[in-house]
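Line order of the protein sequences matches chains A and B.
Start counting the first sequence at 1; every next residue gets the next number (our numbering).
Start counting the second sequence at 1; every next residue gets the next number (our numbering).
To be clear, the hints were calculated from the coordinates, so they are not data collected in a lab.
The beta-carbon is built from N, C-alpha and C at its ideal position, and this holds for glycine as well.
Any given hint could turn out to be false.
What the hints assert, rightly or not - In the SDA-like style, the derived pairs of lysine to any residue whose C-alpha atoms are separated by at most 25 Å in a straight line are:
no.: 1; chain 1: A; residue 1: 159; chain 2: B; residue 2: 422
no.: 2; chain 1: A; residue 1: 105; chain 2: B; residue 2: 207
no.: 3; chain 1: B; residue 1: 366; chain 2: A; residue 2: 199
no.: 4; chain 1: A; residue 1: 105; chain 2: B; residue 2: 128
no.: 5; chain 1: B; residue 1: 362; chain 2: A; residue 2: 24
no.: 6; chain 1: B; residue 1: 435; chain 2: A; residue 2: 104
no.: 7; chain 1: A; residue 1: 105; chain 2: B; residue 2: 436
no.: 8; chain 1: B; residue 1: 366; chain 2: A; residue 2: 351
Stated by the list, open to error - Listing some non-contacts, in silico: residues in chain A with all C-beta distances to chain B over 10 Å:
no.: 9; residue: 55
no.: 10; residue: 135
no.: 11; residue: 136
no.: 12; residue: 455
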Amino acid sequence: MFEYALSVMIFLPILAGLALFLFPFSGGASRITGFIVSIVVLFLGIELFLGFSGTGAMEYVESRAWIESLGIRYSLGVDGISLLVLMAGSILFPMVFTVFTTRTKGYYANLLIIQGAMIGAICATDMVLFYIFWEIMLLPVFFMIGIYGGPNRLPATLKITLYTISGSLLMLAGIVYVAVSYHDQFGKWTFDIVELSNLQLGGGMAVLAFFMFMIAFAIKIPLFPFHTWLPDAYTEAPSSTTFVLSAIMAKIGVYGVIRFVVPVFEIELARFAILLSLAGVVGMMYCGLAAIAQKDMKRMLAFSSASHMGIIALGVFCMNVQALTGCLFQIAAHATSTGVLFLFIGLMEERMQTRNIADFGGIAYRAPIFATFFAIAMLASVGLPGTSGFIGEFLIILGAIKFSGFIGFLAGTSLIVGVCYMLWMFQRVFFEKPGEGTEKFKDLTIPEALTFLPVILLIIGMGIFPQPFLKKIEPTAQLHIAEVSVMTKTVLADNALPIALDTLQKN
Amino acid sequence: MNDFLSLLPLLIISSGAIILMLLAAFEKSRLETASYLSMGFFAVAFFVQLLVGCGPTIVIFNNVFNGMLAASNFTQAASLIILACGFFTAMTTHSYFKVNHFSSLEFYAIMMFGACGMLLLTLSQELITSFIALEIMSLAIYVLVGYNRSNVKAAEAVLKYLMLGAFAGAFFTMGTALIYGGVKSTKFVEIGAFCAANSATAPLILGGTFFIFVALLFKAAAFPFHAWVVDVYDGASTPVTGFMATALKTAIFTVFANFLAQNSGLHGSWVTFLFYISVLTMFGGNLIAIGQSNLKRMLAASGIVHSGYLLIALVAISTEHFTGSVIAYYLAAYAAGTLGMFAALAYLGGEGEKRCTFDDFKGLAKVRPYSAAAITVFLLSMAGIPPTAGFMGKFYVITSAIAADHMALAILGIVSSILSMWYYLRLIINMYFHKTEDTFETKESVFATACTFILVFCVFAIGIYPIVI
């Protein structure tokens, strides 16, 4: 029955979304359709998770020839790397349809298409297929921000679109270069990532192609200094879109690095690992400091999200099992916590018509359940032990120290910045004396509370009992790191510099 | 018999053109009947072409025509595109002429004569035949461009196009003469053989090829012979512009590819030249397009950019195993998007093409969501965003460039498509993100909308249809 589960998870939302566009549905009917579809996807996702055996190889594989002359296949699969990202993409979506109840049909239709495209990008094991989904998922975001966004939505839309499209078009050249090199070395065309990882690349062109990939992913993550589109886009986007962008789409950027860059460009990655991890750490620090200064809650959270993406990305660049496992775990953990926080802010904005931190105050007295939920999500986001955020960040920092003491130290320190802005914001919004509007602040209604409860429980559950999750991702992480050739490993252990010289001499 | 079958589409179209001309002479038929008839002829020819199988290369009527014409999978694909373009243009004009009253019955006959020239051009394997076909095509197009005699812009356009086109034709003959002087033959195959045996850089060959390139690049709207494009496309009536932008370009690039593919020596010595031409075409076109506020002018300039991408494919063609599939695929993808765009503009433009700028289409999505969605699909295809045909076309072009070791060209192509996002997105933004200022009342026939939506379907269908490289 679950033979085609992945295809269903991809195309059911996309087709439902297109159907909503084509036929005259009302807003309410569209919301219910969206909700039902996302519940089906959620159900399939959970079945998939439970049935996932965690051997480290691809499971639920679907593979069909598509463009045979170039070896492009319609191939899907899930392994430990994609599992938790996939979970984030399937579990969190129903919330959007229950929380935001009064939108038009286009709003829900776009969200469904985003979901299908994102799941497609997560499951695709063929580079061209991945690229197609990767681009498709941007289109609905473009329309969501442009049509339903805030007052300054036009520049924000243009910024995010031009930024990401430039990145991904460059990646397209990189993808083609990799396939052409494979064709030169092995005499056949393929875009399958498992086969492409056998490729030995070297020389200036490989570095160029590596940067083409990295820039595309760095923009999506976003990695410092490619983060400048993020504050505007996150702030101007409607809350559901910000949620999608931060909780899942940004993670697909990191996932892309792990899935496509690490196996193919192991040597180039090793050469530039220090540089990239510095970009991650600097991004963390910089966005964290910027978050402290924000007056708008959504903007603050946008910076916070960028800051946390820095540490997740760092987990990839360290290239050891601990950091990679931590990174994969943190992807899911951060998706749940930040995703929920953005939805909460969407709710607060709907109730108060403002996002200004100074306008709030004393919400905890009016809305205790809301405040508790918010607090749990927030604490998970800053990485308090006992919540999901702790496990991942701990593992990443462990790996980072193993990789380089200096980087590890910086990463550890910048976490403190995160605690600063989050707690300070929490204090100003939820405690202190009530502001004008907060007197009438309604607590979560029962349907809303029931919507958020599973995710809040998941946050705590992942924090206290992470083993079921780690068990599923660790074999793949080990396999993935082991595949990175022995040479690269020794190089990493020494430093990145000698290999650079070595490669230079060879060329 | 097989030879005859390969020529059948051409024969159908030419006899159709003559029949329409006769009908017009007797003044017995109505304009609508003429458009149905031409749609019918194009459709029949299309299906005949589809059914006629072609091997890698078949020389048609070797004895009678002395090897001047040859059909292959590539020419078959090209003529399918041209016939489809003719069919959709006939559909578009059907409703266009309901609100713009300047047409007469001969319009369709002339359009079909133009299509004849294009079909002949795809088949030709020899310079003089190419010249004759080129002129048949061009003469018809000149008339079509200036069809609206009361319109000053059309008169200006036709004058420009006619003068410059005549120059291009003269260059072509000059080039043919020089090459004949060097090779003692005008057949592509024998030119190739001569270049392989001797040098491709002998003065006569070099000069001759240069002149032929000038003519072809002029017709293909490539840098530095692109200056006419914007004015001519703007001045011609919208369906004619669509026909010019797609069918004509298909024919030119087919003969261009046929010419280069037969001459590996020639291709090798001109590759650098074509490299720079394609880069300049892409960026020149982009610079022009970014500054436009009129949609037809923007589309004209974007047509220049697409010629640049096609030139990339020409640079990268392999002369040993030439199939032309990348070029044919790109042309099909481009034709679907562009024709669709012009079809939509033709009926949305209204009487006298009064809606023609970016600003005129503000808020279209709220009033006519389906038309806006269709335009969005066409624009995305032209911009090369998956899952549309335009993306796959660009993907194949880039793949062929990188496989032919032209990484720089591939990257420049990509940079150019990043630049082009600006003007494609601009229209989408105007249609979706702005308030409605117009009621967009139009009097289109069902054909116009049907044509638009069939083309939307084509954009997706071509996008998932695999090709053989």
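Unsatisfied constraints (hint numbers, rising) = Numbers 2, 3, 4, 8, 10, 11, in rising order.
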